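Taken in sequence, the protein lines are chains D and L.
If you use our numbering, the first sequence corresponds to residues 1 to 512, in order.
If you use our numbering, the second sequence corresponds to residues 1 to 512, in order.
If you are wondering where the hints come from, they were derived from the structure by calculation, not from laboratory data.
Everything numeric in this text was worked out from a predicted model, so none of it was measured.
Do not rely on the hints blindly, as some may be mistaken.
No copy is singled out in the list; a pair is fine if it fits within one copy or between any two copies.
Okay, derived cross-link-like pairs now, BS3-like style, lysine-lysine, Cα gap no bigger than 30 Å in a straight line [to be verified]:
id : residue 1 : residue 2
1  : 474       : 233
2  : 16        : 38
3  : 249       : 450
4  : 230       : 20
5  : 474       : 485
6  : 161       : 38
7  : 333       : 343
8  : 20        : 38
9  : 406       : 271
10 : 230       : 271
11 : 323       : 343
2 protein chains.
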Amino acid sequence: MENKVGRILPDDLMAKMNLKPYESDEIGHPEVQRVAPKVRVTAGENKVVSSLEEVIKNNLKDGMTISFHHHFRNGDFAFNQVMDKIIELGYHDLTLAPSSLTGVMNDKVIEAIKKGVITNITSSGMRGSLGDFVSHGGLKNPVIFRSHGNRARSIEEGEIKIDIAFLGVPVSDPAGNANGQDGDAVFGSLGYALMDAKYADKVVLLTDNIVDYPNTPASIQQDQVDYVVKVDKIGDPDKIGSGATRFTKDPKELLIAQTVNKVIVNSPYFKQGFSFQTGSGGAALAVTRYLRQSMLDAGITASFALGGITKPTTDLLAEGLVKKVMDVQDFDKGAALSMAQNKDQQEIDASWYADPHNKGAVVNNLDVAILSALQIDTDFNVNVMTGSDGVIRGAIGGHQDAAKAKMTIITAPLVRGRNATIVPAVETVVTPGSSIDVVVTERGIAINPKRQDLLDAFSHVPGLKILPIAELQKLAEKQVGKPKKLEYTDRTVALIQYRDGTIIDTIKQVKD
Amino acid sequence: MENKVGRILPDDLMAKMNLKPYESDEIGHPEVQRVAPKVRVTAGENKVVSSLEEVIKNNLKDGMTISFHHHFRNGDFAFNQVMDKIIELGYHDLTLAPSSLTGVMNDKVIEAIKKGVITNITSSGMRGSLGDFVSHGGLKNPVIFRSHGNRARSIEEGEIKIDIAFLGVPVSDPAGNANGQDGDAVFGSLGYALMDAKYADKVVLLTDNIVDYPNTPASIQQDQVDYVVKVDKIGDPDKIGSGATRFTKDPKELLIAQTVNKVIVNSPYFKQGFSFQTGSGGAALAVTRYLRQSMLDAGITASFALGGITKPTTDLLAEGLVKKVMDVQDFDKGAALSMAQNKDQQEIDASWYADPHNKGAVVNNLDVAILSALQIDTDFNVNVMTGSDGVIRGAIGGHQDAAKAKMTIITAPLVRGRNATIVPAVETVVTPGSSIDVVVTERGIAINPKRQDLLDAFSHVPGLKILPIAELQKLAEKQVGKPKKLEYTDRTVALIQYRDGTIIDTIKQVKD
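With the sequences and hints as input, model every part of the structure.
Structure below.
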């Protein structure tokens, strides 16, 4: 069957997995019955155990679903400790359902797959050796990629049923009151992990820092926690943050950032109380810097900044230019440390952040979102999942979710190395073009034709060069030539869900 | 049938309502499947409506269960506005399931019962004209009285299924992010209402104070809220607090308070990092004052204070004598205002506070609880629900829950007016004697014989006069004589649940 972004989906697999094709980025008003965990009652004054092995042996069974969070990013010591033990104990047919997978987990996931320990994965993304391994057919069943908001939805509606969540935290008390704001391995918001803590049948905290009861603020509460496992070290503080808080000096990135700022400032959304989500990466940080100056110049303050948060954004909060930071994760140490200091930096869970199936997520109130892309096509569809070689090397993250902002801006260089970024058709559709409004490159900007209002608003702005997206695509092609068509086998190695759970695209096994 | 505290329960009713008799105050380790709400999906940027009538007409159906919270106490303007409209619209057979009922709601509840609008009630308690009305057989079906922790359990397990929660708040934004800490009618913690917000299918906020999005802290989150109804006035600030922050001058109360302090200080629990719950009322406030001095003298600080919180307790927090206040409700304005100022005053929901069927509530970590009583009998059973005339005039509150502390102290004058407080058998068993450790009166203290350790600890403390509880009972009888045995009809007007949902006692209709 073909879905509404023109992707052919494998009928057999769709039927077998009871999946529906992507229809629309409009969510509507379905009525959904949520699910709830099964709780084993305990008085729970002290849940501290030293043996991770005992916890696993007493609770894990073959075929179960286990989960982790990725707030430690590449400083994560929790995942490998747990997976090592699970592999050692010889479990089979587990489903791995983390909020995402970071590079430091790759070797262990591959080992677990090869040994039959893991046979199913759902994640926001995967990169490096693991993406390569899966793209070459290494995993038995197709990976399901979900956005952060969709993961929240799937957990709430029982599509992901977590049997045991293993959640590393930098601080907990003996009863399990925990947060991400204290200890050596601080990462700030526990936003994604809060879903696991609420919905998993069993919740196992891992920490190297057990403090006196009661530990507050309790992002994860004692009534959600079954065990607190004391470990020697839960994370490497130096590798938790991306560290990239320095502004880019790349002239192309700076030009893109300046242009993005010009787009925002000249849009109808730049007014007192506007809101934005920028994300991480050199260009995004530079946008924040330019935006700051524009806000000062215009005497405008923002009602809130959303998303994965960086220090430049918490600096705006401290300065009073942003009134609230709605924080589902922190990308660097500065932002993480700020959370404990500033009560206006509100920790939010993934459902509150972006779940499409609730009574209103913060993304629905978002004016401006600045997002990145690996590829954008002439229908404005965005690929953040596969490289120009068709290999998995990305993550949906909050991309589909934040794209529901009133104005969604995609930033990308026209080409990367010898590959075009603006292409006739993306290898993988992750975010539908219908939810994208503006594409900003160093050579000019393209505006989705359905946004005539933005075309009008930007048409006379000095320095904003507006081109049809097909023109940008041709400019890119002129620079690097037509790409060779990639060759895939018929086997589906991954399914890309849209945020409502429908299938927007698939990823096929690459030919060696 | 007879339950384990010797109360005869009506077999027919127990069978019909699928209820089990009380067995033990030990909860054990059952495995419980929780329930979850049905959610109608909406983008939810702006939920403000002005017509309460429209909200009710579009959502309420005959036979449904509606809920309210009692954090406004006698300053509540939410309940009567909603009930007026529901009565006016002619609904029938509703179940009323508030966290509790305060005096200001009585007339409206009676009117609704008389008109057939309300036919079932579950509550923590009722007093005054409503208690009288129910005790005289005014309600069709028996009331079910539940403790705050039991209400949380019942909601989580689906025994109370709330169709629509009407929750008054002093502040909300248009999307429904709300708290109890800002605005004119501040009451502090929203602890009980947080259960309704999480589990009701529909959540309707009422407020007179709508602020810019996003409002933080969001005790109630936008993703839980369907409507925000703007009303002229949500509460009377002067009637929210009990106001009783002045210390008692009643010599009997002062003596009891001094004795309680002596019991605490000489117990094995009075050490660095101990914890306590005092509650409200003159004696409780005086205890806090004496305890403060003892802590200063001994150089001891408490790890946490729990419960309904008063200003004397938040003063201890400010002074550093208490490290954390775990706050499910605030009894006065001082405590309510302190919540916004002191990050160590942690708002907790009723489940985290006291739910017996979770993975560990705060009450399980409690060292010392000081509780009041209408009657105590020689088996240490406590009645906080019916007067000496057998009429309903009380509330379970957190009594059964906090009684699980390591040392539970009941304070009571030996007699009240012409009625004994220490009696051969309480009119109504609310909290089983097995969970009570010490009874403090102005004439002496009694220690539960099963606590030989406390008997040993207190036997040589100067000024602590220890008597068998039967002696205290005789002293009381000597003072006021034997009471006439009360006469009841056979009809059950209320059921008292223990915190695990079993039936610990019933209340019969009084004979006119």
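Now the hints, each set against the structure:
| no. | hint | verdict |
| --- | --- | --- |
| 1 | 474 - 233 | neither (52 Å within a copy, 62 Å between copies) |
| 2 | 16 - 38 | both (28 Å within a copy, 27 Å between copies) |
| 3 | 249 - 450 | neither (35 Å within a copy, 75 Å between copies) |
| 4 | 230 - 20 | neither (43 Å within a copy, 40 Å between copies) |
| 5 | 474 - 485 | within (17 Å within a copy, 98 Å between copies) |
| 6 | 161 - 38 | both (11 Å within a copy, 17 Å between copies) |
| 7 | 333 - 343 | both (17 Å within a copy, 22 Å between copies) |
| 8 | 20 - 38 | both (29 Å within a copy, 22 Å between copies) |
| 9 | 406 - 271 | within (13 Å within a copy, 58 Å between copies) |
| 10 | 230 - 271 | between (49 Å within a copy, 26 Å between copies) |
| 11 | 323 - 343 | both (11 Å within a copy, 19 Å between copies) |
The structure fails to meet hints 1, 3, 4 from the earlier list, while all remaining hints are met.
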